[in-house]
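Chain by chain, the residues run as shown.
Protein chains: 2
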Amino acid sequence: MNIRFYNARILTMEEPIEVITGQLWVEGERILYVGSDAPEAEIASKIGQDVPVWDREIDCEGNLLMPGFKDAHAHSAMVLFRSLADDEPLQGWLEKRIFPVEGQMTGQDVYELTKMSVLEYLTSGVTAVFDMYLTPETIIDAYTECGMRNVQVSGINNFGPEPEVMEERFLKLNAKNSLSSYMLGAHAEYTCSMELLEKIAAMVQKYKVPFFAHNSETELEVKECFERYGMSPTQLFDKLGLYDFGGGGYHCIYLDDKDFEIFKKRGLTAVTNPASNLKLASGIAPISRFLSEGIPVAIGTDGAGSNNCLDMFREMFLVTGLAKYLDKDAASVDALEVLRMATVNGAKAMGLTDCDVLAEGKYADLIMIDMHQPNMQPINNIAKNIVYSGSKQNVKLTMINGKILYEDGRFDIGEDPEELYKKANAIAERFK
Amino acid sequence: MNIRFYNARILTMEEPIEVITGQLWVEGERILYVGSDAPEAEIASKIGQDVPVWDREIDCEGNLLMPGFKDAHAHSAMVLFRSLADDEPLQGWLEKRIFPVEGQMTGQDVYELTKMSVLEYLTSGVTAVFDMYLTPETIIDAYTECGMRNVQVSGINNFGPEPEVMEERFLKLNAKNSLSSYMLGAHAEYTCSMELLEKIAAMVQKYKVPFFAHNSETELEVKECFERYGMSPTQLFDKLGLYDFGGGGYHCIYLDDKDFEIFKKRGLTAVTNPASNLKLASGIAPISRFLSEGIPVAIGTDGAGSNNCLDMFREMFLVTGLAKYLDKDAASVDALEVLRMATVNGAKAMGLTDCDVLAEGKYADLIMIDMHQPNMQPINNIAKNIVYSGSKQNVKLTMINGKILYEDGRFDIGEDPEELYKKANAIAERFK
Chain A
35 MNIRFYNARI LTMEEPIEVI TGQLWVEGER ILYVGSDAPE AEIASKIGQD
85 VPVWDREIDC EGNLLMPGFK DAHAHSAMVL FRSLADDEPL QGWLEKRIFP
135 VEGQMTGQDV YELTKMSVLE YLTSGVTAVF DMYLTPETII DAYTECGMRN
185 VQVSGINNFG PEPEVMEERF LKLNAKNSLS SYMLGAHAEY TCSMELLEKI
235 AAMVQKYKVP FFAHNSETEL EVKECFERYG MSPTQLFDKL GLYDFGGGGY
285 HCIYLDDKDF EIFKKRGLTA VTNPASNLKL ASGIAPISRF LSEGIPVAIG
335 TDGAGSNNCL DMFREMFLVT GLAKYLDKDA ASVDALEVLR MATVNGAKAM
385 GLTDCDVLAE GKYADLIMID MHQPNMQPIN NIAKNIVYSG SKQNVKLTMI
435 NGKILYEDGR FDIGEDPEEL YKKANAIAER FK
Chain B
35 MNIRFYNARI LTMEEPIEVI TGQLWVEGER ILYVGSDAPE AEIASKIGQD
85 VPVWDREIDC EGNLLMPGFK DAHAHSAMVL FRSLADDEPL QGWLEKRIFP
135 VEGQMTGQDV YELTKMSVLE YLTSGVTAVF DMYLTPETII DAYTECGMRN
185 VQVSGINNFG PEPEVMEERF LKLNAKNSLS SYMLGAHAEY TCSMELLEKI
235 AAMVQKYKVP FFAHNSETEL EVKECFERYG MSPTQLFDKL GLYDFGGGGY
285 HCIYLDDKDF EIFKKRGLTA VTNPASNLKL ASGIAPISRF LSEGIPVAIG
335 TDGAGSNNCL DMFREMFLVT GLAKYLDKDA ASVDALEVLR MATVNGAKAM
385 GLTDCDVLAE GKYADLIMID MHQPNMQPIN NIAKNIVYSG SKQNVKLTMI
435 NGKILYEDGR FDIGEDPEEL YKKANAIAER FK
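Chains A and B supply the protein sequences, listed in that same order.
With the first sequence counted from 1, adding 34 to any position gets you the working numbering.
With the second sequence counted from 1, adding 34 to any position gets you the working numbering.
Identical chains blur together in the list; that is why a pair holds if it fits in one copy or across any two.
Derived DMTMM-like pairs (lysine to aspartate or glutamate); straight-line CA-CA distance at most 20 Å:
{"hint": "1", "residue 1": "Lys80", "residue 2": "Glu394"}
{"hint": "2", "residue 1": "Lys437", "residue 2": "Glu179"}
{"hint": "3", "residue 1": "Lys437", "residue 2": "Glu91"}
{"hint": "4", "residue 1": "Lys362", "residue 2": "Glu258"}
Think of the hints as simulated: they come from the structure by calculation, not from any bench.
Please work from the sequences and hints to get the whole structure.
What follows is the structure in structure tokens.
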């Protein structure tokens, strides 16, 4: 499909961040042109190409085009657990409510639930997910059939899978299709034996690739790691060589000075998950310090079992709101930083540098923000307002890889939402 | 209009809180019936009335009816300041960016901006606003023309108005129409001289009515009050007799043991505004302690200048999320408590006990939550899920006083939203 968006405001997320007015042309999977609102022939001559034959021309009516959000940490199929067991202490919740069910979930369950999560991502303007869950094969199938970009990361731990399976997945799934990739990782220090961590490290060294894991999400996790190894999870991962080729951590709340040094030295990304960290009473990540040390921050929703929804707008507000609270400074963590985190930083962490900003040649992974909603008016500062006032209600259109998957509340992912809800409810019923 | 909702899930917010399935009948401004899904004739005989002639029958398709949210603290016309000056230190923001403009705003400006705020309230399922701003006469006009329920509270301070004007407004505006009322109040201790506070106290005693004001929003405010009077704002207000007939405070973050005692003794409501308190780095209110002491808590958005939007879903999540963080306990402040705060507690504080729950004889102030959105699926616990996963996107319909003002994204308030945006932008332009 060749699509021309015109009469648009555009936030390309290229630096310096500013809103322009103009057009955006999509040819197939990629952006052919983004820029000022000149006549078509003039634009065509400028980019040295003919005007494509348009399958569709979309009058944006002043609405805003921007890169889709990158949800840089999620367990998508955990939508099953949404509001299944809220307001419970963390440990009991995990051990009594979550783990027993996860032990019985099939690859088919995960497939159906992942498809349902796609609906929610699209309503929230998410165009790529950094997903860690049980059966990456069926997850990738689900995403691919829906047209959703995704990066799988291994959540290997003492309960599975075997390291050989992870390696096989890495080799097979990483290149499976243009929408999906696979990264090495582990669930967390506290769920992996030293023997297992050493095997993963050997694989990281063999393939010279980044490594991601839950890292320093709770005080207890860090305390117990110190008791076991005399050092923090970050220091342990680094000592084992897991961070030699970059990567990062999910949550990253309880870091010490040495940890910050390692993040800087290795170019690691701190993926923050503020809603989950509040709801599970884990804490608040030190966002301002990451920024002042030049450590990139990305944003994830975490799974809907803990947070309980896949809403990047809520996460964005929390990243800056909680930083302002923590720093006792209303000027802390500028909203524009938050927009970078939710788009370009997430893309970089996920290895998706081809869909980070709106520019010629990049994949057309974009969203349209409805400026005709009252929460966007009057128009004082559009970019900041997305962070401070934006909501899912403002997502008018979500396009991934050049295809419109969501528009005006309707989905085009090859599935009837009601059927996906029925299946999800049937799965929930089975585990009651 | 007589309207029959059927095929509905219903959360009446009567105790015990549970979701029923059934019908809800609206006759004129009030609820005629709410309950199980029996044949019409059977229901009619049960309530001892004939079946009304329906102007409209609405198939809810399993969507949820519940009382509208009560936004228990706002400065509605401050939508003008939305994202005008974010990420600035609080004091400079107020003194350089807000106060100078407010000094020049006309009653007509406030009228237009209040109308624009109504659009946003409706998208967020808010059916009544506890509003404090400059020109209550024009504010009430705006709300009344739109069909929005509102309670005005005086924000009197050293810069105006004269106490006689407040008394006149109290007498005239309080009974102006069935949608609007007016309460005595003051902006805050730090903006009122002792002489002024004493005059307000005399009026509270004269009319034996509740009193509301900003109270203990920042550490500085409380510290300076102690320096001036050797006591906290709560203690000062109580000493002056301002709290003799109840009322409450907005924000209520920095309270000491004596303050809690006064809140209990006087039956005061603590109105919490978590998003504003984060964004302006004010702090986190002690919600769990209010609950354990039996002090009612209500929820407000505050003005869009500070928070920056009128979104009760964001506030609800924050109330419990921040309490869990503060208490280091994932079981803290159950979501059902939050639903009470956002509905019945707000209504009680605002004197709107006739539109707190869905029950026969109550005003028909209600919303329909779209259960067919992915963030509501699978259906594990609807009531809790509204707090943890709900968003404005789920508000399918907002009815106030028996009239549907918002449905499927369309407004029916006698104004074209685009015209209101134009006016708001013109006002913003004038003050640039």
